[in-house]
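The two chains are supplied separately, each in an independent frame; assemble them into the complex guided by the hints.
Residue strings, one per chain:
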Amino acid sequence: MNVPADLKYTSDHEWVRRDGPDVVAVGITDHAQAALGDLVYVELPEVGRRVQAKEACAVVESVKAASDVYAPVPGEVVARNDELSGRPEMVNEDPYGAWLFKLRIDDESVLANLLSPGTYAKDLENAA
Amino acid sequence: MPRPTPLNAAHRAFGARMVDFGGWDMPLHYGSQIDEHHAVRREAGMFDVSHMRVVDVRGAQAREFLRYAIANNVDKLRDPGKALYSCLLDRDGGVLDDLIVYYLRDDFYRVVVNAATADKDVAWLRQLAAARAPGLDIEERTDLAMLAVQGPQARAKAWEAFPEVHAATQSLKPFNGVMLTCAEREWFVARTGYTGEDGFELMVPADEAQRVWSALSAIGVRPCGLGARDTLRLEAGLNLYGQDMDERVSPLESGLAWTVDLTADRDFVGRDAVLKTKPLRQLAGLLLLDAGGVLRAHQRVETTAGDGEITSGTFAPTLGKSIALARLPESVPVGDIVHVVVRDKRLAARVVKPPFARNGRALVS
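Line by line, the protein sequences give chains A and B. The opening residue of the first sequence carries number 1 in this note's numbering; numbering runs sequentially from there. The opening residue of the second sequence carries number 129 in this note's numbering; numbering runs sequentially from there.
Chain B on its own, in the form it takes in the complex (with noise of 0.2 Å):
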């Protein structure tokens, strides 16, 4: 049986069709995940995102930890409430996960990772504390629940919910977070997403979440579900975990080598397995040329240099098109013509350079 979120309740009385996702039972839509899909890149929608995992980093040795464990540098968060995006590495260099760690105070990091690695992620974290950093303490805050609020009116939509979250971020820069208080409970609201679009990201206590979901509907944020969430990252350019890296693959096939900083003379982990890789492949995007279908996961891709595969495919309601990320020779330059395989019929497509869309509006063409 897969878990629910706090939400869960919510999103079966807004007549959501629900998903077994990584173990969690999540809606997949509401009736339309393209109107939900439009309803993000034109006004407002909300996501929940509850069965990603808050990991709370604290100690001393907080910052020194993360400088080691994480492929990107936590050195660059100089301002308390930047936050990075990084990749989780392995000592082969393959990628365990990818993401975003938010710098509070010298010893307090907040970290988000994705939900079917998380057990994962926070055993290997802890692996290394132990070894690293004993006195470090690694918290999984369970109790918290997420709600993405995304679009050019995400903004002003929470604001207009909740006046006290107005006053704390009125000035928060893109990519930064904040601790505040709302209702006398502590929420953390961050100017992230996974959409291309501008909003916040809310990490509530789980017994808020169902009034934060209610104050924001009754306002007009349109729910959207997964279906839509992953239309949106795609068109965004970017990767999901799972479909465009695993730990088989490097980040300098993933389109993620910026990820990884190699300049200061740091010491992490994966450092010297990336050192060493040459890279023969690389994340392309796709923007399909032919009618006959929709570029899909695993379809096979045919170059001038040699075969690919497609990692992550789908249409895309803001192009009207169909765009994919594939893993293709690393020669491939932008602009060439390759063929996809699909069903019995090789489609055109062009190899563009992602995103494909953001900030409501389509990129390429």
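Just chain A, same shape as in the assembly (with noise of 0.2 Å):
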């Protein structure tokens, strides 16, 4: 299973990428988008909503089940990849590329609280 070492991890299968000082950008992971199959369905959170840690405020759809997209980390909005709408399979495609939305955070210490690349793949070699 793909876990690129360059992000951070939440146990809910959510990948979290540096986009600047102070943007993260969020998606979820391959392990995510192989369980789902095809996705058909992406709902997004309006820009300028701000969200807690753990936070449901996305939503992927495959044809099998819908499943809910946690923040990360607590923080604002700031866009939200409208692409996807058009063509949600991008997110089983390439799924380290296919951002769902970015957040502003408050500050970096909420980072600290992400598994490493390390730690989700051990959690990943455990739980199957």
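Some clues are possibly wrong.
Below are the EDC-like pairs computed for lysine to aspartate or glutamate, each with C-alpha atoms no more than 20 Å apart in a straight line [claimed, not checked]: (1) B:K449 - A:D82; (2) A:K102 - A:E83; (3) B:K481 - B:E430; (4) B:K449 - A:E83; (5) B:K301 - B:D326; (6) B:K473 - A:E55; (7) B:K449 - A:E89; (8) A:K102 - A:D22; (9) A:K102 - A:D6; (10) B:K473 - A:E46; (11) B:K204 - B:D235; (12) B:K473 - A:D68.
Think of the hints as simulated: they come from the structure by calculation, not from any bench.
Rendered as structure tokens:
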């Protein structure tokens, strides 16, 4: 299972990438997209919305099932990837390129709570 | 532990994501259920359906017994090979299963029932036969595997792989089957399916299954899993037992009135109950109009005549939209706009007459 080394992760199978000094991009991992199967619908949060950590703020829906996506850290939604509404399958094709939304974070310390690639990969192995 | 079919190793070798389906270890998909769906509508795909149960009913009283046991009328089967889709009802008129029966000879009918209900069905048939036709032989053919090859190219591919099948089925009509010999073994090939496309269902000795699968795969027939099977059958407007109907509902409220033959003077199990039933609900098709999600089983449907409920829903790849079957008040007409509660939203959908897609094309938009 693909777990890029330059990202951080959550136990709910989201990945987090730094996108500037105070912005992070968020998506779902390869494990998550494989478990869901072909995505057919993506619902993204409104720009301007403030979210708490672990707050459900997006939905990814495959032919099989719908799944909530949770904010990995607290922050304000500053961008959403509207390209996905026409082509939700991009998340399956390129899970680490197809970001869902971006958050402006208040300070860096919140990132310390996220999982390192090694820890996430090990959690996947243990769960398998 | 779910049971393997004779093709378990082949599924795993091909990278299947496996699931427990009614106690069977089955392939959900082999990478993309949407691609598999398109392969069936555009070319040819194949499904391992060995989890279904083939039941041979043999004896002098076979025909008379089946006239009584099932809701559709086997007297319609005049020519050997012809098949019939029917419900199996209980005495209260509830649906025990849906099935296909093939007329082979006056003393030999082949019945194919669903996997999850097979044990129940066979026990029920044997119970009925003990009273009505004690000499009848009801045999579960667990020595057989079944593969469904479906799509516009399906028959051509089957013929290319198996010339002996070609010779015997060149002029086999839709909804007919024939017993034949292939490589000195007995096969049954039926021009039936569950996808809305043309094709064959091949019932072969279990020890032949791998060879048949490999031969078809080698000439480009795509393995397809249960995920594609469900989107294909729903687009084709075909019911799924356990979701669209079960023992608690009447065939008249399940879109299956056409399978219950009341025209002949024929006593059959459930007849009296059906005659007494005035259906208050119908099984209708829904096409989702608003963006906001996917129609799914158990979602509430709000209509001008009262609430209903979706029984089966999915995203339909051939349409590029979400569709459903829903049990609605009887009076809601085709064309009405209804609202489905999806998460925290009310999404508009249009009532349509199934099928939604067949023979490679969308039929509704």
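Violations among the numbered hints: none
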